[in-house]
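A.B. asks: As a plain string of letters, each chain reads:
4 protein chains.
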Amino acid sequence: MEVKLINYSPEPDRTCAVAALGCHSPKTSGDLIKELTEKKITRVLRETMKRGHLSVVEHASFTFSVSGISRALTHQLVRHRIASYSQQSQRYVKLDSPTFVTPPIVEKDKGTLDEYNEFMKYAWETYGSLLKKGVPAEDARFVLPNATNTSITITMNARELLHFFELRCCMRAQWEIRQMAWIMLEEVKKVAPIIFENAGPPCDNCPEPEFPCEVRNNAKTGKR
Amino acid sequence: MEVKLINYSPEPDRTCAVAALGCHSPKTSGDLIKELTEKKITRVLRETMKRGHLSVVEHASFTFSVSGISRALTHQLVRHRIASYSQQSQRYVKLDSPTFVTPPIVEKDKGTLDEYNEFMKYAWETYGSLLKKGVPAEDARFVLPNATNTSITITMNARELLHFFELRCCMRAQWEIRQMAWIMLEEVKKVAPIIFENAGPPCDNCPEPEFPCEVRNNAKTGKR
Amino acid sequence: MEVKLINYSPEPDRTCAVAALGCHSPKTSGDLIKELTEKKITRVLRETMKRGHLSVVEHASFTFSVSGISRALTHQLVRHRIASYSQQSQRYVKLDSPTFVTPPIVEKDKGTLDEYNEFMKYAWETYGSLLKKGVPAEDARFVLPNATNTSITITMNARELLHFFELRCCMRAQWEIRQMAWIMLEEVKKVAPIIFENAGPPCDNCPEPEFPCEVRNNAKTGKR
Amino acid sequence: MEVKLINYSPEPDRTCAVAALGCHSPKTSGDLIKELTEKKITRVLRETMKRGHLSVVEHASFTFSVSGISRALTHQLVRHRIASYSQQSQRYVKLDSPTFVTPPIVEKDKGTLDEYNEFMKYAWETYGSLLKKGVPAEDARFVLPNATNTSITITMNARELLHFFELRCCMRAQWEIRQMAWIMLEEVKKVAPIIFENAGPPCDNCPEPEFPCEVRNNAKTGKR
Chain A
-3 MEVKLINYSP
7 EPDRTCAVAA
17 LGCHSPKTSG
27 DLIKELTEKK
37 ITRVLRETMK
47 RGHLSVVEHA
57 SFTFSVSGIS
67 RALTHQLVRH
77 RIASYSQQSQ
87 RYVKLDSPTF
97 VTPPIVEKDK
107 GTLDEYNEFM
117 KYAWETYGSL
127 LKKGVPAEDA
137 RFVLPNATNT
147 SITITMNARE
157 LLHFFELRCC
167 MRAQWEIRQM
177 AWIMLEEVKK
187 VAPIIFENAG
197 PPCDNCPEPE
207 FPCEVRNNAK
217 TGKR
Chain B
-3 MEVKLINYSP
7 EPDRTCAVAA
17 LGCHSPKTSG
27 DLIKELTEKK
37 ITRVLRETMK
47 RGHLSVVEHA
57 SFTFSVSGIS
67 RALTHQLVRH
77 RIASYSQQSQ
87 RYVKLDSPTF
97 VTPPIVEKDK
107 GTLDEYNEFM
117 KYAWETYGSL
127 LKKGVPAEDA
137 RFVLPNATNT
147 SITITMNARE
157 LLHFFELRCC
167 MRAQWEIRQM
177 AWIMLEEVKK
187 VAPIIFENAG
197 PPCDNCPEPE
207 FPCEVRNNAK
217 TGKR
Chain C
-3 MEVKLINYSP
7 EPDRTCAVAA
17 LGCHSPKTSG
27 DLIKELTEKK
37 ITRVLRETMK
47 RGHLSVVEHA
57 SFTFSVSGIS
67 RALTHQLVRH
77 RIASYSQQSQ
87 RYVKLDSPTF
97 VTPPIVEKDK
107 GTLDEYNEFM
117 KYAWETYGSL
127 LKKGVPAEDA
137 RFVLPNATNT
147 SITITMNARE
157 LLHFFELRCC
167 MRAQWEIRQM
177 AWIMLEEVKK
187 VAPIIFENAG
197 PPCDNCPEPE
207 FPCEVRNNAK
217 TGKR
Chain D
-3 MEVKLINYSP
7 EPDRTCAVAA
17 LGCHSPKTSG
27 DLIKELTEKK
37 ITRVLRETMK
47 RGHLSVVEHA
57 SFTFSVSGIS
67 RALTHQLVRH
77 RIASYSQQSQ
87 RYVKLDSPTF
97 VTPPIVEKDK
107 GTLDEYNEFM
117 KYAWETYGSL
127 LKKGVPAEDA
137 RFVLPNATNT
147 SITITMNARE
157 LLHFFELRCC
167 MRAQWEIRQM
177 AWIMLEEVKK
187 VAPIIFENAG
197 PPCDNCPEPE
207 FPCEVRNNAK
217 TGKR
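Residue numbers (our numbering), protein chains in the order written: chain A, -3 to 220; chain B, -3 to 220; chain C, -3 to 220; chain D, -3 to 220.
Among the clues, some could well be false.
Just so you know, same-sequence chains aren't split out, so a pair can sit in one copy or run between any two.
Derived DMTMM-like pairs (lysine to aspartate or glutamate); straight-line CA-CA distance at most 20 Å [to be verified]: (1) Lys104 with Glu43; (2) Lys129 with Glu111; (3) Lys46 with Glu206; (4) Lys117 with Asp105; (5) Lys128 with Asp110; (6) Lys104 with Glu134; (7) Lys106 with Glu182; (8) Lys129 with Asp110.
Please keep in mind that the hints were generated in silico from the structure rather than gathered at the bench.
With the rest of the complex left out, here is chain A:
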């Protein structure tokens, strides 16, 4: 899996802070953007977000290029609707050689892994054979497994990302999308440290406390 932050609105913390301040000030965000100190940015964002006024962090957007992930992941990902996606198309791009994701639990056991790899080889042979028989790529791909690699460009604003991290950094999320979510979170924290300082699963307020969860339990005991 490769996750790159390829673009974002510069100075996300500053941009969102002036948008917030413009709601309660006779000054405009255009005036405020130059004069705001780092200290004030931090204070304004923390107060605003604590009160739940999250619309102000919609003014910063982040674009990721992600590859080496499965279509099982992207089928879940694109359910997040307040976002923009451009995905490699299996209707147009032919996948010559086996290129797929292997779940860690499959990798752990030699026998299981062999069976898995054997299957993948057979899947791509069938795919190639169908193509050769004149079946168009959009139909031949019907044999390609959920594990098949794909790449995608994702754009989300900070508010949607906060929501995404709440759901997908959580232990209840599927391992692969969780792994991607944590890398995305690391990336955006570098460029928008205040907006994302508390991002992640809402362990203190877990909606399924009966779910067995190491992370939450460690959080309770101070380990993480």
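Put chains B, C and D on the given structure of chain A with help from the hints.
C.D. replies: Same frame as chain A, now just chains B, C and D:
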């Protein structure tokens, strides 16, 4: 493929017509809803939609239950973001026996079909074997193909449906989602005949006229 | 203020329960919709919503006709973006006689009320005079006050309504939109009692506990 | 009216071109972003947009700070739902002195202008008097007119902007929002010349050709 319209806002044409009329009238939609004649409903909707004021048809929603479709289809479907989906989860529902969609072009040729079916059998054997080895359903499904059957509940308002039909009833769309779109269109036409009277691909205004297309050409010559 | 529920997807609780159940069942929502008992509907919805899987209640939509409200209210209302609105247009509908909302605090004091009414009379005189001088309605309305009456058709799905009630039934909301929100909540509770059974302000989890609030304090002491 | 582009995703044309290319290429957008020539960016964007695949231009966002506009304008503006807004609040910001927008047609005639200004003076006197009597700002503002100045931070992605320009640069739009739309278009053209090269009203395909319109008629005769 089974497509059922399981619910919708009653009297869609009437509801949207009064919403439209309420914009230009001193009366409220609540007053107008009882007094409007069929004739006036038709006239108001046609005029409003012709002018491109499509927001008024957002007041009617339609809910479908669709099954016997592939996950290749649903991965495309859920890209339509102004809509609501509840889909059968491969993380929780185990698929005991092979259950999948076969493209028409594969069905046409005996040899191709045999190869396809053979592969599907093997895919489900591998899936079952992984489950037996203790691999959780959410990871075992990595071997399941795009062809795998799924079922989904879809809700869209009439405006989004019009947009959906424009894109997905078109010959440029993939055959399976196109087939589903046409059945959906037939269903909603029965209950909202005015809103959907011109729904479908925008052949007269095709954005890819160089694309070889029987339908559009027949449209030009009067055949359809 | 008049708030009428003029349309909604029939059987909202049932529809959303089968959508939820379809995610974890080999059966489709189309099969389930006939066979589900009231008891099961209640159980499924409560469990699903408790876990935060709110997307399932998007399958039910509700349409209101609201009149006798101010444009101050609708300017706030239409900020809720996951919704559909058709509003009486001041560009096209001329408002012959003064028709406006009076805040309760203004009504309490005779002197204040007189001053308010005097102003409104003058505002409509100016509006009428501008129209007579040939100023088009879309420009003459620049003198009309925030208090001016308007009417609007609103459609929201149950998920957005739950969010709307959280924000707008709260004492921190402006009195007029709060009043409207509470009437809307009463109306939808009649037809979707399970979905909306816990709807309203999240007092137990108030994001501004320092805000002076009778309701929340009464909630704490058992009075409401 | 002051319209400033205060932030945007850097290199909008490049970003959207690589997102588009990533759909039909074995390479990822992350690989493509460095190697794409200006020439190829132009060609890819033009082809993609001509085909109506507008989702790729959602990967670029633009943030404006706008002030000196009326609340009549913002009430229309915020109806565009695929966008983010942070607006100066009349609930919290008190407006000490008259500050309002005057329609050009009112300015043309001395008598009309005097009547208009007289009214505005009276409106602010009443507003100030209510505040002094202890009416809170959120209720005192009920007397403030549609003309009242406001400021707002707006973020839209390029796809929504294209749609916004189609509707709001058109002669059928209200003069004030049209004026704002044209300035916004000029600003984004400077930083995303390919994406916005054909932006504006769709005169060649006008949905209301019966509407009397200088611009469209001049367009037909080559004058603009």
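A.B. asks: Are the hints correct? Go through all of them and say.
C.D. replies: The hints, checked one at a time:
no.	hint	in the structure
1	Lys104 with Glu43	neither (46 Å within a copy, 35 Å between copies)
2	Lys129 with Glu111	between (27 Å within a copy, 11 Å between copies)
3	Lys46 with Glu206	between (27 Å within a copy, 12 Å between copies)
4	Lys117 with Asp105	within (18 Å within a copy, 24 Å between copies)
5	Lys128 with Asp110	between (27 Å within a copy, 15 Å between copies)
6	Lys104 with Glu134	between (34 Å within a copy, 16 Å between copies)
7	Lys106 with Glu182	neither (33 Å within a copy, 52 Å between copies)
8	Lys129 with Asp110	between (29 Å within a copy, 13 Å between copies)
When each numbered hint is compared with the structure, violations occur for hints 1 and 7.
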